[in-house]
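> The primary structure of each chain is shown beneath.
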Amino acid sequence: MAAVQETIDQVALIDVDQYKYGFETKIEMDKAPKGLSEEIIRFISAKKNEPDWMLEWRLEAYQRWLTLEEPTWARVNYPKIDFNEIYFYAAPKSTPGPTSIDDVDPEILKVYEKLGIPLREQEILAGVKTPRIAVDAVFDSVSVVTTFKEELKKAGVIFMSISEAIREHPDLVKKYLGTVVPTTDNYYATLNSAVFTDGSFVFVPKGVRCPMELSTYFRINEKGTGQFERTLIIAEDSAYVSYLEGCTAPQRDENQLHAAVVELVALDDAEIKYSTVQNWYPGDKNGKGGIYNFVTKRGDCRGKNSKISWTQVETGSAITWKYPSCILRGDGSRGEFYSIAVSNGHQQIDSGTKMIHLGKNTSSRIVSKGIAAGVSQNTYRGQVSTHRKAENARNFTQCDSLLIGDKCGAHTVPYIEARNSSAQFEHEATTSKISEDQLFYCLQRGIPTEAAIALIVNGFVKEVIQELPMEFAVEAQKLIGISLEGSVG
Amino acid sequence: MNMQTAITMTAAETVLVDAYTAQIGELPGEGAVLSARDTLLADLKKQGLPTRRVESWHYTDLRALLRSVPAADPTAFAQRVDPLVDGSSVLSVLNGKADPKGAPAGVNVRSYRESLIDGVAAADLVERDADDAIGRINGSFVRDGFEIEVTEGTELEQPLELQLVQSAGQSHMRFPVTFGANSKAMVIERHLSVSDAPSLVTTVCDLIVDDGAEITWIILQQQGEADSHLAQVNFDLGANASLRLFVINAGGKLVRQEVHGVTTGEGSDFKLRGINLLGGETHTDVTFTLGHDVPNTTSTEVIRNVLFDRAKGVFQGQIRVAPDAQKTDAKMACNTLLLSDDADFSAKPELEIFADDVQCGHGATVIDINPTHLYYLRARGIPENKARAMLVNAFVDEIVEELEVEAVIEPLEAIIAIWLEKHA
Chain L
1 MAAVQETIDQ VALIDVDQYK YGFETKIEMD KAPKGLSEEI IRFISAKKNE PDWMLEWRLE
61 AYQRWLTLEE PTWARVNYPK IDFNEIYFYA APKSTPGPTS IDDVDPEILK VYEKLGIPLR
121 EQEILAGVKT PRIAVDAVFD SVSVVTTFKE ELKKAGVIFM SISEAIREHP DLVKKYLGTV
181 VPTTDNYYAT LNSAVFTDGS FVFVPKGVRC PMELSTYFRI NEKGTGQFER TLIIAEDSAY
241 VSYLEGCTAP QRDENQLHAA VVELVALDDA EIKYSTVQNW YPGDKNGKGG IYNFVTKRGD
301 CRGKNSKISW TQVETGSAIT WKYPSCILRG DGSRGEFYSI AVSNGHQQID SGTKMIHLGK
361 NTSSRIVSKG IAAGVSQNTY RGQVSTHRKA ENARNFTQCD SLLIGDKCGA HTVPYIEARN
421 SSAQFEHEAT TSKISEDQLF YCLQRGIPTE AAIALIVNGF VKEVIQELPM EFAVEAQKLI
481 GISLEGSVG
Chain S
1001 MNMQTAITMT AAETVLVDAY TAQIGELPGE GAVLSARDTL LADLKKQGLP TRRVESWHYT
1061 DLRALLRSVP AADPTAFAQR VDPLVDGSSV LSVLNGKADP KGAPAGVNVR SYRESLIDGV
1121 AAADLVERDA DDAIGRINGS FVRDGFEIEV TEGTELEQPL ELQLVQSAGQ SHMRFPVTFG
1181 ANSKAMVIER HLSVSDAPSL VTTVCDLIVD DGAEITWIIL QQQGEADSHL AQVNFDLGAN
1241 ASLRLFVINA GGKLVRQEVH GVTTGEGSDF KLRGINLLGG ETHTDVTFTL GHDVPNTTST
1301 EVIRNVLFDR AKGVFQGQIR VAPDAQKTDA KMACNTLLLS DDADFSAKPE LEIFADDVQC
1361 GHGATVIDIN PTHLYYLRAR GIPENKARAM LVNAFVDEIV EELEVEAVIE PLEAIIAIWL
1421 EKHA
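Each protein sequence line maps, in turn, to chains L and S. Under my numbering, think of the first position of the first sequence as 1, with each following residue one higher. Under my numbering, think of the first position of the second sequence as 1001, with each following residue one higher.
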């Protein structure tokens, strides 16, 4: 029992207040007035020089949103959001569209430097042997700079901010936007459709294997601004793309809303790999502040033998409400979901996935690892379903929860729906604390408790970490360490 | 949710509400009982039957599924049948009318009608929670049942069979049962239908298992193809008490069997074993919740489902571990053989854990018969249909075998074999 007590003591010592990335950048911001109305949407649309169809699309979504009610089914508690107190648009003022990295406000560059983002091309190029990453950095809603555009262009890959894409490739955007997550999908997706300010757009044409990992760092900065990202990734026939998304946000007193929508479309034989490391401000040790992360992420395996793989490491945010899903429409398509969700302090996570089997011979795999510490609540909520015509659907689901401390909660809510006798579904879930035997084994070999726990937790999540691209795997392990500081090395 | 807006009542809802007005004069009980009934019916009227928007009824849209409710049929006739196990004591309820004679020594029984009349029952007639449609319907219309007390230390040699025979119409029954400390008993709650006429049967069993009692409760549901069956078992487990609950569904058109329990004494153990044999057009739902409220309690749940034809099956199982319930060990498994493309099965196994020093897990599988197993048998000259039947039988028999008492296992195996022969 001594070791257990020690763990609990150490968890009690965790000071979530010492948020490593909790600094604030003072940059002049260009803001719309607080609150939401048709005027604000027109303002956002005008600011972005959007075509009329886009404005109409937004207004339609807004009208729809007004008729919707905020969902309450998730296992999260928070005071009601006053949408009239939120700034729906904030952009750094200094941007008439920077042409090169030197034009970017050095303040912003410093922020990224602190975060350790390899934004500068030369830095990336310097590491000749490491895989190269193109970064489309998002600084409060507006893409500040896009690197490697040229090289990607050569390959035929379009990688730009969504606002740019709306102007430059309206046909592509029109064809795919809202086809995976319709504007009517859910409360927050509808809100996003009305007010999204920026995000990334990726188009990988037929037969192209994207020559580098694409990456975006989101960062919420201005006080009281909700951030509404919209990401759209399309992989045409036999294309491949790996997209990394990483997030850190500075410390804030009031809660900030983030309601993003991510849409992925994979056509015949295409593959999209989407990885996320989310480390937004989780609030202080009394549960004050922190980000509300209400995200709709969905991939559509539209073509034959297409594949979409979601990997996420969730360590931040006060509240996470997020279900990256796959619609397995094409015959032989495959969906994957790998997740590590770490909650500490007063964090609340309700996350999971949906695997909707519609085509024949589709398969899916879900591996979810939840780690709850402090007084946090960590819920896995997932759905696996087959359509009546979806022959030979195959699913494997594994949800494991690890509890550190006796004040936290871990919950599992899977929905398994089989409509075809050829379906083969397996689901298993376990909840336990760190095994005394494993701990004892380590201690006996002279490994200190803290290192031992780190070792065990890392072993617990290894299956998911392995799915992350190299660069992210390191960052993810660091983040898990920071999140569980005190109990994990 | 939509509580403010008046709902448009469905045919079934209208029949229920009208039936209440029509029957109010003859329903047993006055004063507190009557006002409890009124409250329940008012809630039913206000909220209607639950739809899939109500989370705990997500897979059983009662409002859509319960299309019609047969009127009470006072002329319907039903007769006792032989007990499942020879030598059992039988307490029968024929078309909703309970006969409290036949209790073995050490067991006190009186009809629930008496409890309704003298008002003792008033305390029972409450909703478990806002989604308790069964409690609401049953509480509004309950007319009879048994109040049973197995006295402290009583050990029953033979099973006690609660024989509920329905031929037509409606029956709403309640069974508050107390198992005294250190008592031992096996109770068989048996639902039978003796005609093809549609019926609606609702039952609520409230079991209190006192410290050290060892109880086996078997629910054998064999209603007819046109029957609706809404049943609820609530239990409370004392210290070092053990309850084994076997649920066997082999009939009924619309079946919802709810099991809700809490462990309130340390060292208690609960086992749920379920066999759902689903064929034809049945919609059968087994919904289970268990709260491990105190430390050092254990539970295991194993549900086996077999689906043929156009059957629809549902299993919802929730295990909650309270903040101080350390050393809880809870394991749940739900295995399904889906043998028809027109059948469907939905499972929602849930864990809700607030304590850290626990071992909890659940597993759920859905699959067709393993072709290599089939091949093995066929290679040995066993025809395909027979081989399939053998494999299905083996799949569910594992559960029956756990009863250990041969006298009980045999008749249950026979029932399963006959059912499989009819549907496979």
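These are calculated hints, taken from the structure and not from any lab test. These numbers were taken from a predicted model, which means no experiment stands behind them. Some hints could be false.
[Unchecked claim] The following label-pair restraints were derived from C-beta to C-beta distances:
hint, chain 1, residue 1, chain 2, residue 2, range
1, L, Tyr78, S, Asp1341, 54 to 60 Å
2, S, Asp1342, L, Gln444, 55 to 61 Å
3, S, Ala1064, L, Leu443, 57 to 63 Å
4, L, Asp82, S, Asp1038, 58 to 64 Å
5, S, Leu1391, L, Met470, 52 to 58 Å
6, L, Thr72, S, Asn1108, 45 to 51 Å
7, L, Thr72, S, Lys1046, 56 to 62 Å
8, L, Asp437, S, Arg1052, 34 to 40 Å
[Stated by the list, open to error] With the Cβ distance kept under 7 Å, some of the chain S side facing chain L (calculated, not the full set):
hint, residue
9, Ala1181
10, Leu1339
11, Ala1347
12, Glu1350
13, Val1366
Glycine included, C-beta positions come from ideal geometry on N, C-alpha and C.
> Hint by hint, note whether the structure agrees.
Results of checking the hints against the structure:
{"no.": "1", "hint": "Tyr78(L) <-> Asp1341(S): 54 to 60 Å", "in the structure": "violated, 44 Å"}
{"no.": "2", "hint": "Asp1342(S) <-> Gln444(L): 55 to 61 Å", "in the structure": "holds, 58 Å"}
{"no.": "3", "hint": "Ala1064(S) <-> Leu443(L): 57 to 63 Å", "in the structure": "holds, 58 Å"}
{"no.": "4", "hint": "Asp82(L) <-> Asp1038(S): 58 to 64 Å", "in the structure": "violated, 41 Å"}
{"no.": "5", "hint": "Leu1391(S) <-> Met470(L): 52 to 58 Å", "in the structure": "violated, 47 Å"}
{"no.": "6", "hint": "Thr72(L) <-> Asn1108(S): 45 to 51 Å", "in the structure": "holds, 47 Å"}
{"no.": "7", "hint": "Thr72(L) <-> Lys1046(S): 56 to 62 Å", "in the structure": "violated, 20 Å"}
{"no.": "8", "hint": "Asp437(L) <-> Arg1052(S): 34 to 40 Å", "in the structure": "violated, 44 Å"}
{"no.": "9", "hint": "Ala1181", "in the structure": "violated, 31 Å"}
{"no.": "10", "hint": "Leu1339", "in the structure": "holds, 6 Å"}
{"no.": "11", "hint": "Ala1347", "in the structure": "holds, 4 Å"}
{"no.": "12", "hint": "Glu1350", "in the structure": "holds, 5 Å"}
{"no.": "13", "hint": "Val1366", "in the structure": "holds, 4 Å"}
Hint compliance for this structure: hints 1, 4, 5, 7, 8, 9 are broken, all remaining hints hold.
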